[in-house]
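If you read the protein sequences in the order shown, they are chains Z and V.
Counting from 0, one number per residue, gives the positions in the first sequence under numbering that gives the first Met the number 0.
Counting from 0, one number per residue, gives the positions in the second sequence under numbering that gives the first Met the number 0.
Among the hints, erroneous ones may be present.
Each pair may be met inside one copy or between any two copies, as identical chains are not told apart.
What the hints assert, rightly or not - Each computed DSS-like pair below joins lysine-lysine, with the alpha-carbon atoms no more than 25 Å apart:
1) Lys146 with Lys22
2) Lys208 with Lys342
3) Lys17 with Lys97
4) Lys342 with Lys193
5) Lys193 with Lys5
6) Lys273 with Lys17
7) Lys5 with Lys273
8) Lys22 with Lys41
9) Lys202 with Lys5
10) Lys284 with Lys327
11) Lys156 with Lys253
12) Lys253 with Lys146
13) Lys146 with Lys41
14) Lys41 with Lys5
15) Lys342 with Lys253
16) Lys329 with Lys246
17) Lys253 with Lys329
18) Lys327 with Lys246
19) Lys194 with Lys146
If you're looking for bench data, these hints aren't it; they were derived computationally from the structure.
Protein chains: 2
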Amino acid sequence: MTEISKLGEFGLIDRLTKDIQIKNTSTQYGVGDDCAVLNYPKSEVLITSDMLMEGIHFDLTYTDMHTLGYKAAMVNISDIFAMNGTPRQLIVSIALGKRFTVEDLDAFYMGMREACSKWNIDIVGGDTTSSRTGLAISITCVGEAPKELITYRNGAKETDLICVSGDLGAAYMGLQILEREKAVYYSQIDDYNKKVREAQAHKDEAKLKALREQRQTVEDFQPDFAGKEYLLDRQLKPEARGDIIEKLREANIKPTAMMDISDGLSSELMHICKQSQCGCRVYEKEIPIDYQTAVTAEQFNMNLTTCALNGGEDYELLFTVPIGDHEKIKNIGGIRQIGYITKENLGCMLVTRDNNEFELQAQGWNPLRDEK
Amino acid sequence: MTEISKLGEFGLIDRLTKDIQIKNTSTQYGVGDDCAVLNYPKSEVLITSDMLMEGIHFDLTYTDMHTLGYKAAMVNISDIFAMNGTPRQLIVSIALGKRFTVEDLDAFYMGMREACSKWNIDIVGGDTTSSRTGLAISITCVGEAPKELITYRNGAKETDLICVSGDLGAAYMGLQILEREKAVYYSQIDDYNKKVREAQAHKDEAKLKALREQRQTVEDFQPDFAGKEYLLDRQLKPEARGDIIEKLREANIKPTAMMDISDGLSSELMHICKQSQCGCRVYEKEIPIDYQTAVTAEQFNMNLTTCALNGGEDYELLFTVPIGDHEKIKNIGGIRQIGYITKENLGCMLVTRDNNEFELQAQGWNPLRDEK
Numbered sequence: 000m001t002e003i004s005k006l007g008e009f010g011l012i013d014r015l016t017k018d019i020q021i022k023n024t025s026t027q028y029g030v031g032d033d034c035a036v037l038n039y040p041k042s043e044v045l046i047t048s049d050m051l052m053e054g055i056h057f058d059l060t061y062t063d064m065h066t067l068g069y070k071a072a073m074v075n076i077s078d079i080f081a082m083n084g085t086p087r088q089l090i091v092s093i094a095l096g097k098r099f100t101v102e103d104l105d106a107f108y109m110g111m112r113e114a115c116s117k118w119n120i121d122i123v124g125g126d127t128t129s130s131r132t133g134l135a136i137s138i139t140c141v142g143e144a145p146k147e148l149i150t151y152r153n154g155a156k157e158t159d160l161i162c163v164s165g166d167l168g169a170a171y172m173g174l175q176i177l178e179r180e181k182a183v184y185y186s187q188i189d190d191y192n193k194k195v196r197e198a199q200a201h202k203d204e205a206k207l208k209a210l211r212e213q214r215q216t217v218e219d220f221q222p223d224f225a226g227k228e229y230l231l232d233r234q235l236k237p238e239a240r241g242d243i244i245e246k247l248r249e250a251n252i253k254p255t256a257m258m259d260i261s262d263g264l265s266s267e268l269m270h271i272c273k274q275s276q277c278g279c280r281v282y283e284k285e286i287p288i289d290y291q292t293a294v295t296a297e298q299f300n301m302n303l304t305t306c307a308l309n310g311g312e313d314y315e316l317l318f319t320v321p322i323g324d325h326e327k328i329k330n331i332g333g334i335r336q337i338g339y340i341t342k343e344n345l346g347c348m349l350v351t352r353d354n355n356e357f358e359l360q361a362q363g364w365n366p367l368r369d370e371k
Numbered sequence: 000m001t002e003i004s005k006l007g008e009f010g011l012i013d014r015l016t017k018d019i020q021i022k023n024t025s026t027q028y029g030v031g032d033d034c035a036v037l038n039y040p041k042s043e044v045l046i047t048s049d050m051l052m053e054g055i056h057f058d059l060t061y062t063d064m065h066t067l068g069y070k071a072a073m074v075n076i077s078d079i080f081a082m083n084g085t086p087r088q089l090i091v092s093i094a095l096g097k098r099f100t101v102e103d104l105d106a107f108y109m110g111m112r113e114a115c116s117k118w119n120i121d122i123v124g125g126d127t128t129s130s131r132t133g134l135a136i137s138i139t140c141v142g143e144a145p146k147e148l149i150t151y152r153n154g155a156k157e158t159d160l161i162c163v164s165g166d167l168g169a170a171y172m173g174l175q176i177l178e179r180e181k182a183v184y185y186s187q188i189d190d191y192n193k194k195v196r197e198a199q200a201h202k203d204e205a206k207l208k209a210l211r212e213q214r215q216t217v218e219d220f221q222p223d224f225a226g227k228e229y230l231l232d233r234q235l236k237p238e239a240r241g242d243i244i245e246k247l248r249e250a251n252i253k254p255t256a257m258m259d260i261s262d263g264l265s266s267e268l269m270h271i272c273k274q275s276q277c278g279c280r281v282y283e284k285e286i287p288i289d290y291q292t293a294v295t296a297e298q299f300n301m302n303l304t305t306c307a308l309n310g311g312e313d314y315e316l317l318f319t320v321p322i323g324d325h326e327k328i329k330n331i332g333g334i335r336q337i338g339y340i341t342k343e344n345l346g347c348m349l350v351t352r353d354n355n356e357f358e359l360q361a362q363g364w365n366p367l368r369d370e371k
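Work out the full structure, taking the sequences as your base and the hints as a guide.
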């Protein structure tokens, strides 16, 4: 293990960026000067930035630096796809304290690179600095799209079909499982420590010896993730749905409005409706949900539809298309038509399986609220 | 004072961005969607990103949120000028804990806007989230320049003149003063607390009453900044030298290499020399130093040249020009010619006032080192 201070800032940058290969002609100059230099003579430039804070957006007790790097990159890449664009460059800033080693940073960069190489994205710059407290990550992603293809949130029209890629609620259920196993782990540790304290109080040497032998077993706690791999992957290693964007282009479909689902379906739908000045009607029975999500919601005694509507971080695409595209969409795999756009005064409604109607509530995942 | 959680994430974004006016034609779409949309058909796009962490890059005991917002924006704007570009857009991410109020965020945004409006820059997006610990800020600045005007660090040639704008070492001396007054303040607090504890131990009610009356005076500590205003301003509210870039363009001078001085003159010079594969010779007597910097270095018993060579955060421009531009540079105010570029094998040398030569050392300000 190598201390970061040993390399110094510039030694570190050299190490992290030395074998980066530039893949895009729009990247004129990458890491190594005051700025990166890009070239976009024919397209619009898309740019998005997100900050991820330890203890708020991620928990290093259940993710590792490689996976974290992958996710940090992917969630930003997802924002470029959500505009119907093509991601091209990534800039990463990371602030980390003394408890992190050079190897941790290597792993983080490896994860980021894995995500970037999946979509041919160049890492063109950033900043590595120290933090007195937790780990902080800020990623900026740059992409491009021809002006006529850019899809905003405000273009949905009455009668448009509402579509969703993949399935929803899985990332949220993954988080529940991680939180549960973390709680189990800490309660076993607490339990062990309590027994040690009791044995010490009673000067029970035999008991203490036995406890010392158990210690490793307690530390080596194996969380119970059997059969939940899909949910954990959805939470820890989400995929940006560039494949869906490609399929829509191949099918010659231009969505009228689009965004990625980071805060939950309800919340995102309400954004599209507010910005497009329209209403919507979504059918509970059409919301795509994976089998594992359903089983796990049952185990946790949670309402499945609520999980699918309000669970965040799926990074699936939510978009609207003209009703005439109905057949074309049907022929593309992995997209579900979940409802349609209405006049604004009809509100944003969920039609339940038993044909009741409820107004959608934005209970989207909001880190600011979680801090209360 | 308003709690941030009261507004919610989107209420907050609305409040912070509602009266933003777009000024640049390159800004097609600002805040409000998954990405900002920019348009640069004729220029190269410059992009730079910096992260500022509480306790590492700033200390809220001696800066306020307005000033911090101003500086955070300015240091990024400076990187665009350092490429000989024109800054156009700014994206800001900020993570802050519960101790901050909506009014704090307002002040931060006001400071950023003040910096942006000075250079006609649009705020086009960002991210506001929470932090469990300190304040974290990440700023991305986008700018443009015609391809032929972009100035990298690697273009310096033998015989080129080395030039510096403004004066050096002032921001560093400003920091020394702030640190000194902070230490005085805390020692008075410690002193007061010690007296209270003693009086309590002796149950000396008269003494305790007298101490209670002194309390406000101790809390209202007024730091001694008389005559140091310039140094404090240089540290807390630096200016990006876009005026110098404009003057160079008017005089038809294109620097061969350029960067801004954030880590200290020595360190930056060595970057230019390394990347340009050359050496340099810099004259101690030509390094521009303000009178207040000199007086304060004397008071602190510090070597003035060391402060000017290694003190960071001046955000002045360091650049090289062909020797034929000597007269043109002379006619521009506020630029000093401090030396010249040599062959690589001659090294990076400082020529002292008494004509000795020393190799330059990069002891630049490096937050990673400070963490050791």
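Hint check:
no. : hint               : verdict
1   : Lys146 with Lys22  : both (23 Å within a copy, 20 Å between copies)
2   : Lys208 with Lys342 : neither (73 Å within a copy, 71 Å between copies)
3   : Lys17 with Lys97   : within (23 Å within a copy, 40 Å between copies)
4   : Lys342 with Lys193 : neither (62 Å within a copy, 70 Å between copies)
5   : Lys193 with Lys5   : neither (40 Å within a copy, 40 Å between copies)
6   : Lys273 with Lys17  : between (46 Å within a copy, 16 Å between copies)
7   : Lys5 with Lys273   : between (52 Å within a copy, 21 Å between copies)
8   : Lys22 with Lys41   : both (18 Å within a copy, 22 Å between copies)
9   : Lys202 with Lys5   : neither (45 Å within a copy, 53 Å between copies)
10  : Lys284 with Lys327 : within (21 Å within a copy, 75 Å between copies)
11  : Lys156 with Lys253 : within (13 Å within a copy, 52 Å between copies)
12  : Lys253 with Lys146 : within (12 Å within a copy, 34 Å between copies)
13  : Lys146 with Lys41  : both (9 Å within a copy, 15 Å between copies)
14  : Lys41 with Lys5    : neither (45 Å within a copy, 43 Å between copies)
15  : Lys342 with Lys253 : within (21 Å within a copy, 58 Å between copies)
16  : Lys329 with Lys246 : within (12 Å within a copy, 61 Å between copies)
17  : Lys253 with Lys329 : within (15 Å within a copy, 58 Å between copies)
18  : Lys327 with Lys246 : within (11 Å within a copy, 58 Å between copies)
19  : Lys194 with Lys146 : neither (67 Å within a copy, 70 Å between copies)
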